[in-house]
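A.B. asks: Read off the chains here:
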Amino acid sequence: MSTLVDDPRIMEFDVRTDEMLINMGPQHPSTHGVLRLVLRTDGEVVSEVTPQIGYLHRSAEKIGENLVPRQWIPYTDRMDYLAAMNMNLGWALVIEKLMRYEPPEKGRHLRVIIAELGRIASHLVAMGTYGLDLGTFSPFLYAFREREKILDLFEEVCGARLTYSYITVGGVTADFPSGWLQKCEAFLDQLVPVIDEYHALLTTNAIFIKRTASIGTMSPEMAIDYGCSGPVLRGSGVDHDLRRDGEDIYTAMYDGYAFEVVAEKDGHYPRDHQYPAVPHEARLGDSWHRFYVRMLEVIQSMDLIRQGIDRYSLATDGHGEPMKLTQKLPKGEAYLETEAPRGQMGFYVVSDGNAIPWRARARSSSFSNLWITGQLCRGCLIADIPSIVGSLDVVMGEIDR
Amino acid sequence: MALYLSNFMWSWLAYTIAALVHVVLILSLVAGGALLFIWLERKISGRIQDRLGPTRVGGKFGWLQTLADGLKLLTKEDLMPEGADRMLFRLAPYISFAASLAAYIAIPFAGGAYLLGAAPWVAQHVNVGVFFVLAVLGLEVFGTILAGYSSASKWSLFGAMREAAQVVSYEVPLGMCVVVPVLIAGSMDLSLIGDRQAGLFTNWLIFHDPFTFIAFWVYLTCATASVNRAPFDLAEAESELVAGFHTEYSGLRWSFFFMAEYGSMLSVSLLAVILFLGAWHGPLPIATWLGLTAEHGAIAMNLGKLLGLINLLLKAVVGVSVMIWVRWTLPRLRIDQVITTCLKYCTPIAAGMLLGATLWQYQFPSRSFFGLTEVPQAVYHLREGPQQAVQNSGSSPESREGTDVPEDEIATVNHPARRGGQVSASDTIPQESIARLR
Amino acid sequence: MGEAIYWPSFFFLLFAAVACAFAVAVLLATNIVRMAFYLVVSLSATAGLFFLAGAEFVGAMQLMIYVGGTMVLLIFGVMLTSQERFVEMKTWSGDWVFAFLIGAMLLMILIPAAFSVPQWSGLDRAEVASVSEVNMATPLGMGLLGVRVDQLDRPHQPDVAAQPDGAESQKEPARQVPIQPGYLLLFEIVSVHLLVVLVGAAYLARARRAN
Amino acid sequence: MSGRAFVDQLKQQFGNLIVDANLDNIDPWIEVAPEGIVDVCCYLRDEPSLAFNYLNCISGVDYLHTDEKKAKKADWEPHCEVVYHLFSMTHKHSLVLKVLVPRWKEGRAGELPEVPSVAGIWRAAHWHEREVYDLSGITFTGHPNLRRILCPEDWVGHPLRKDYEMPSEYHGIRGR
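Protein chains in written order, with this note's numbering: chain A, 1 to 401; chain B, 1 to 438; chain C, 1 to 211; chain D, 1 to 176.
By construction, these hints were calculated from the structure, which means they are not laboratory data. Virtual Cβ for every residue (Gly too), placed ideally from N, Cα, C. A hint or two may mislead.
Okay, the calculated bits of chain C under chain B, using three or more residues with CB under 8 Å as the criterion [claimed, not checked]:
#1 31-38
#2 55-65
Restricting the straight-line Cα-Cα distance to at most 25 Å, the calculated cross-link-like pairs of lysine-lysine (DSS-like) are [said to hold, decoys possible]:
#3 D:Lys105 with D:Lys162
#4 D:Lys11 with A:Lys328
#5 D:Lys162 with A:Lys62
#6 A:Lys62 with A:Lys106
#7 D:Lys162 with A:Lys331
#8 D:Lys69 with D:Lys11
#9 D:Lys69 with A:Lys328
#10 D:Lys73 with A:Lys62
#11 D:Lys73 with D:Lys98
#12 D:Lys11 with D:Lys70
#13 D:Lys73 with A:Lys331
#14 D:Lys11 with A:Lys62
#15 A:Lys328 with A:Lys62
#16 A:Lys328 with D:Lys73
#17 D:Lys69 with A:Lys62
#18 A:Lys265 with D:Lys105
#19 A:Lys183 with D:Lys162
#20 A:Lys331 with D:Lys70
#21 B:Lys76 with B:Lys154
#22 D:Lys98 with D:Lys11
#23 A:Lys331 with D:Lys105
#24 A:Lys62 with D:Lys72
#25 D:Lys92 with D:Lys70
#26 D:Lys162 with A:Lys328
#27 A:Lys106 with A:Lys265
#28 D:Lys11 with D:Lys92
#29 D:Lys70 with D:Lys105
#30 A:Lys62 with A:Lys324
Calculated Cβ distances over 12 Å to all of chain C for the following chain B residues [claimed, not checked]:
#31 Thr16
#32 Ile145
#33 Ser366
Just need the whole structure built from these sequences, with the hints factored in.
C.D. replies: In structure tokens:
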């Protein structure tokens, strides 16, 4: 491990001082849970960052080897607890893939609506906490205000506000209650102008841009090499979204939906003329771009939900029945990744023909996204660390499982 | 006050009582101010964030929330880290608070620059008041730095180092901005600067010329930096340094830092109001229209001063509210960006404004409101003293302004010999005693 | 008038005692941060003495420059360069002897100088009360700008007195602006000198790390 | 590209290092000999027609029946598997590789089996290999920093092994 900064300028002009080893976390306001970053600093300049994880390890995979798939759904809730619906969906889909089961059309649209609502809720939190990391408190509460409305919708659907266990293997636990779709549409309508406010408060704020532009820049090659995914990957300009590029069983959900992957192409984001322009200080792959991708994805998700509502209303078949608890899984193994809000959430299931899987494995997106911090934070200032870690938007429940 | 009291009692007792009254008044202002501002901060932030803020303690508006919190802080365990430098750790909050409090000694709360026997309401009249307040406010950071250093915590140490770096950067432009009104008023005496802005709001120094107008905003920026408020709250940046210099503090000690912060917020606001925003004079000279001046007797004069006090405090509270508003809206800058802002942008701007204001004063002396109006006669009275005012009353101000202003105008009107009228005892001081002093 | 306590004297003694006591504490302390803190207290007390003497400008200057300066010294001289967190400093007995000698010599010079001031006995109190109001900062400021107020009584250039109102200028000697050199040049020289020192210090502190 | 084509191409390139392939499974997999995994992965990443530049996941699976009756019925010998899920951002296709190793190195209980590390090929493998080492007990030779990642450094045992027993006490905390 090197103790000196790679950047030669820092060595050249640095006043001779002592290096200091600091533990940022596991209890620290900006580490989003129980992440511990070991910093080696020279004054305010950070020469090395080592993330230490595992403080929230709950043996979810071991538990998965002892429960039938539907019983493990609540444990997936607790992985990415800010986007529990998307976690449920990932596990449900991989079991369905193993069983070669195809949910009915109505159920697919329902899942799209729910998954995209979950994505909006998750990105709102990401936005709010990012503001918090940069020292502004108000956007956090604005984001939570909007998220509460989504949680109200979820509560009406499944009775829970955080750990839903709603999407399950074979279908969902219950159909939408009557009048829910109208409420959902009303929510989307009022969210449109609010997003513009967030752009004014954060995206285009001069201080915000100063704090995030050209900070923690990762090249597309680097992002791919480190296994980054989701907005972190797309923030570097990699045109990759599993909703379009994933496996058939997952992309089938989005068949016929019109959407563009939010990634910069030729200096432009899709439909970016409607949204604030990229500031000239920002470089592709920096914290600002990762934030911006999330903000555009909220709008994209709103669009997808509207399409989903239309299709759902037209569909005539059922939404799918949950699998019986005693149902035996076919022998074999399956791996499937879905596009969760924080990136590609992968589940791997190995079955020996029993109702309980032989092995349940979760590949979490934040796990891979966090690993790159050590590289990104090298040579930055202490104040940049919340700015970089916040832009990666990790959830420790998902990393430690 | 002491002089008045000494008519009735021993003078040593009179001075003691006078001093105690001042101390009690200032303490209650700072403590009461902190109570109010913490409540205000919660209410304003609440409203900004679509919340209600405190609603229960002490009636509908949660008036007593701060008091309840104060009680809670009192009962909290007083913790001290194992490796702390115990003496400095204990002292640091008091140093901060004492410095924040000491600035109030020289801040006048209502007008009258010893003119016509109308003494300003000030605990101790310091003729270099501006300088004194700045110097003492600068000491507040000493407490911060000692706290950071003695806490034996790395986060605290970082906070202290940031604070030190920040001090070096904001002090320079802050001082320059303060010099601008000093230059125009021709005095470092806060009560004189305040009374220079009597009359309509057009006489406020912020509107004196374009340069003072810009200097005010630079002052506001640097003053925010000097009291460690967002976006310059780097010493306690909670998302980076946990709580910065006061990470290890709890209970009452911590609340002293808090009081010091709100105390300095009020004092820099007061300074801004006195230097730029007309001090104790309202936008319209209502007190003069109502006849609440010295000419109509002591009661009228003191009523007028009370009005002035309310005026001053109201404006200062608005200033504090602006700081609160900014805090709950903007993200925090990075330390290098703070230093860049202060040294690379604010300092040259402030220097430019100082130069510009000098030249403006040279070109358009005795004119106010961007050169559109004249400084009214009352101000001449003030500047030149009663004797000269009587002489000048014969010739109209227009004829005075119409002619070419001699180059030495500034020097002349400010000349101590001509300003004798400001000094209450000037006509009684024998010339030889002055000569002896020199 | 019962003068049980004469406050100026009381505060003079208080500030003087504090200044001296903390100056001694600086010598005796071993922790460098505490030393700096004691120095700050001592200097602040000295500033208090200045205020008491009516030299408010100098007092404020003392607070701003010396006390503030010590703080900066503390930060950049001690905190950023120290090898350990709480640096202990020990004074060797030889240093004590030297320090004592030098201090004693300085004291021997200062005491006669102090007693040679004619007003050492002090003005009477009534007189002090009457003059303490006129110590304005203005003369100093004017001096910086080039107008030596203290030398106004001297004869001035006649052509400068081209005033619009000659009669008035005759009455008021203040109108006749004297051409006396102020402190501006000296002040500038000192400040440039300080700047050079600062740049030099920064240069020296900038160490090139070995590869 | 389909599973069959991958197998053929790899067999042609590496011969015996490609031990087996299962094309009937829903995700077809290719079994690679442990000693060949680095070369195969390097080839998979660098061959432009394959360009597997993205490592999704590395999983460890332990095959062991602790119940003797079930062990008799099982159609496999006890072993450990390391499963690599690869993806190509350029061609948008995926591949599953497997490496089979004995549960203990050379049959000596307590000595962890070894697999060469692919951390030099995809940086993403760093943490995934650490996790597999931590939970499934497989050593990755050549890994730059192979430490436990989720469990504490002084934890005993590898929890995802089928014969793992929860310690009865850990630093005074009751386990069972």
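A.B. asks: Is the Cα-Cα distance between lysine 69 of chain D and lysine 11 of chain D 25 Å or less?
C.D. replies: Since the Cα atoms of lysine 69 of chain D and lysine 11 of chain D sit roughly 38 Å apart, the hinted pair is violated (cutoff 25 Å).
A.B. asks: Check the hint pairing lysine 92 of chain D with lysine 70 of chain D against an upper bound of 25 Å on the C-alpha distance.
C.D. replies: 40 Å, violated
A.B. asks: Does threonine 16 of chain B really sit off the interface, with its C-beta more than 12 Å from all C-beta atoms of chain C?
C.D. replies: 8 Å, violated
A.B. asks: Grab the minimum beta-carbon distance between isoleucine 145 of chain B and chain C and tell me whether it stays above 12 Å.
C.D. replies: 7 Å, violated
A.B. asks: Regarding the pair lysine 70 of chain D and lysine 105 of chain D, is the alpha-carbon distance no greater than 25 Å?
C.D. replies: This hinted pair holds, its Cα atoms lying about 24 Å apart.
A.B. asks: Is the straight-line distance between the alpha-carbon of lysine 331 of chain A and that of lysine 105 of chain D 25 Å or less?
C.D. replies: The given pair, whose Cα atoms are some 28 Å apart, is violated under the 25 Å limit.
A.B. asks: Check whether the Cα positions of lysine 69 of chain D and lysine 62 of chain A lie no farther apart than 25 Å.
C.D. replies: 22 Å, holds
A.B. asks: Decide if the proposed pair is consistent with the structure: lysine 76 of chain B and lysine 154 of chain B, CA atoms, cutoff 25 Å inclusive.
C.D. replies: Satisfied, since the Cα-Cα distance of roughly 24 Å is no more than 25 Å.
A.B. asks: Need the status of pair lysine 162 of chain D, lysine 331 of chain A: alpha-carbon distance at most 25 Å?
C.D. replies: It holds: about 19 Å lies between the C-alpha atoms, which stays within 25 Å.
A.B. asks: Run the distance test for lysine 73 of chain D versus lysine 62 of chain A: straight-line Cα separation, threshold 25 Å.
C.D. replies: 23 Å, holds
A.B. asks: Is lysine 62 of chain A within 25 Å of lysine 324 of chain A, Cα to Cα?
C.D. replies: 22 Å, holds
A.B. asks: For the pair we were handed, lysine 105 of chain D and lysine 162 of chain D, check the Cα-Cα distance against 25 Å.
C.D. replies: 17 Å, holds
Going through the hint list in order, the structure does not satisfy hints 4, 6, 8, 12, 14, 18, 19, 23, 25, 27, 31, 32.
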